[in-house]
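Engineer: Sequence:
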Amino acid sequence: MGVELGKIFDSVMKNSLFKNKSVLQTGYSPDSIPHREKQIELVASIMAPVLRGERVSNLFIYGKTGTGKTLSVQYVKDEIMKRSKEMGIEIRMEYINCKLKKVADTEYRILAALITELGGSVPATGLPTDQVYSRFIQLIDNKKQLVILIFDEIDQAVKKISDDFLYSLTRLNSELSKAQISIIGISNDVTFLENIDPRVRSSLGEEEIVFPPYNAVQLKDILNSRCKDAFKENVVDEAVISKCAAFAAREHGDARRALDLLRIAAELAERDGKSVIDEVYIDQANNKIERDKILAIVETEPSQFQAVLYSILQLTKQRKGNEEFYTGDIFNHYQDLCGKIKIEILTQRRISDIIAEIDMLGLINANVISKGRHGRTREVKLSIPQNLMDKVEVILTESLGV
DNA sequence: AGGTATTCACATGAAACTATTCTCTGAGTTAGG
DNA sequence: TAACTCAGAGAATAGTTTCATGTGAATACCTGT
Numbered sequence: 001m002g003v004e005l006g007k008i009f010d011s012v013m014k015n016s017l018f019k020n021k022s023v024l025q026t027g028y029s030p031d032s033i034p035h036r037e038k039q040i041e042l043v044a045s046i047m048a049p050v051l052r053g054e055r056v057s058n059l060f061i062y063g064k065t066g067t068g069k070t071l072s073v074q075y076v077k078d079e080i081m082k083r084s085k086e087m088g089i090e091i092r093m094e095y096i097n098c099k100l101k102k103v104a105d106t107e108y109r110i111l112a113a114l115i116t117e118l119g120g121s122v123p124a125t126g127l128p129t130d131q132v133y134s135r136f137i138q139l140i141d142n143k144k145q146l147v148i149l150i151f152d153e154i155d156q157a158v159k160k161i162s163d164d165f166l167y168s169l170t171r172l173n174s175e176l177s178k179a180q181i182s183i184i185g186i187s188n189d190v191t192f193l194e195n196i197d198p199r200v201r202s203s204l205g206e207e208e209i210v211f212p213p214y215n216a217v218q219l220k221d222i223l224n225s226r227c228k229d230a231f232k233e234n235v236v237d238e239a240v241i242s243k244c245a246a247f248a249a250r251e252h253g254d255a256r257r258a259l260d261l262l263r264i265a266a267e268l269a270e271r272d273g274k275s276v277i278d279e280v281y282i283d284q285a286n287n288k289i290e291r292d293k294i295l296a297i298v299e300t301e302p303s304q305f306q307a308v309l310y311s312i313l314q315l316t317k318q319r320k321g322n323e324e325f326y327t328g329d330i331f332n333h334y335q336d337l338c339g340k341i342k343i344e345i346l347t348q349r350r351i352s353d354i355i356a357e358i359d360m361l362g363l364i365n366a367n368v369i370s371k372g373r374h375g376r377t378r379e380v381k382l383s384i385p386q387n388l389m390d391k392v393e394v395i396l397t398e399s400l401g402v
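Each residue of the first sequence is one higher than the one before, counting from 1 in our numbering.
One or more of the hints may lead you astray.
As the list claims (entries may be wrong) - Distance condition first, Cα-Cα at most 30 angstroms in a straight line; then the derived BS3-like pairs of lysine-lysine:
1. Lys-371 <-> Lys-320
2. Lys-144 <-> Lys-243
3. Lys-82 <-> Lys-144
4. Lys-228 <-> Lys-64
5. Lys-99 <-> Lys-381
6. Lys-243 <-> Lys-228
7. Lys-102 <-> Lys-77
8. Lys-159 <-> Lys-64
9. Lys-82 <-> Lys-64
10. Lys-21 <-> Lys-144
11. Lys-38 <-> Lys-99
12. Lys-21 <-> Lys-159
13. Lys-288 <-> Lys-232
14. Lys-64 <-> Lys-342
15. Lys-159 <-> Lys-77
16. Lys-77 <-> Lys-99
17. Lys-64 <-> Lys-77
18. Lys-64 <-> Lys-21
19. Lys-342 <-> Lys-288
20. Lys-160 <-> Lys-144
21. Lys-101 <-> Lys-293
22. Lys-85 <-> Lys-19
23. Lys-243 <-> Lys-38
24. Lys-243 <-> Lys-274
25. Lys-342 <-> Lys-391
In short, the hints are calculated from the structure, not lab data.
Work the whole structure out from these sequences, hints included.
Structural biologist: Following this line, the structure appears as structure tokens:
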């Protein structure tokens, strides 16, 4: 046994296609960010006054996922920090991702995360929020300094909390005597600023920058520049890159997606012992990404979600796929199911929300339609690919104990 | 035929409730001086 | 008297229930021709 494993390890070492895989993984910050020069310059020119010790305008940045927002901002942040260290200026720039569950998805936790970043500490719970605020203020206001807070995916936070959180933030300056803060908000949702309190809008959106999606040509450039560091010589050819770029361009120009695609394709090729990445692996990678995403969701959702999803699955099978069905059908089926597997039956109200959430996750397709005299409801269709159905069913039956 | 009023079957929203986890506070207890 | 323990009050959070209100268009119901 040990010998065979040794062989496997040896061959993996020898046949690796990668020079440095991390170059393709999320979180890697490249030396250059192609096709974002303009945006970076803009961000930098807006942030620059901080080096003169002036408070800078609040900045708001939009752009779809994978358009380089975070990367660019981080880049400018690092440059500014470097420079400020040379010049001996007190500047703090803190980056918070508001979407990370259990880290920064509520008002309390965002503040707590900031405080930890700044070297303080707060308990995870038990404290009134306004006390956390005052601790935060104390921490910042203990000396004269400029603080720039970067909130990534800020739209997620506001959806979950409310926009008076932003209001308190923008007003924070008036409570500080020595320090001053500026805010950079990053959002995927272009319409985000339109839907919030006008007072907040005007103050948060003092400056705005839009990051447009990459097109296929730009994506190719990005992939090419990363390939040099990521792969050994002659592992990828132009056609593969093109295909990758084309795939990702279709997905609203998501560079992250393109990189994932390439990395996973390479991993698959490597596993097959190939020394070159063939185009077919791009297709395989695409399927694998989709597949893994769905399976991960199905596995990790709580049992009530699983029960609802299982009901939908059963109904789909019953109806031979063709006919759509409605909230009421699902609820009835779900009730029976609960009886059978002996779990608590939730209200229809709740099931309605759960269906909406499963829709959000992309496992089903649900549209609100009006059937006239027969009321208004959601028309639901399963959107899990046929070849995954069995696998999903197995997971659900196992975890529900049907 | 054309117009309008109803009505269904939920959607959607807001508030309130529950259980869990955690802090903080202060009363009561203990042990050492 | 200082240190320690422990119960109770108060918070945050996630998941849910309760109550309330909204809604789009097929159909029932008129209306006048």
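Engineer: If you test the structure against every hint from before, which numbers come out violated?
Structural biologist: Of the numbered hints, 2, 10, 12, 14, 19, 20 and 22 do not hold.
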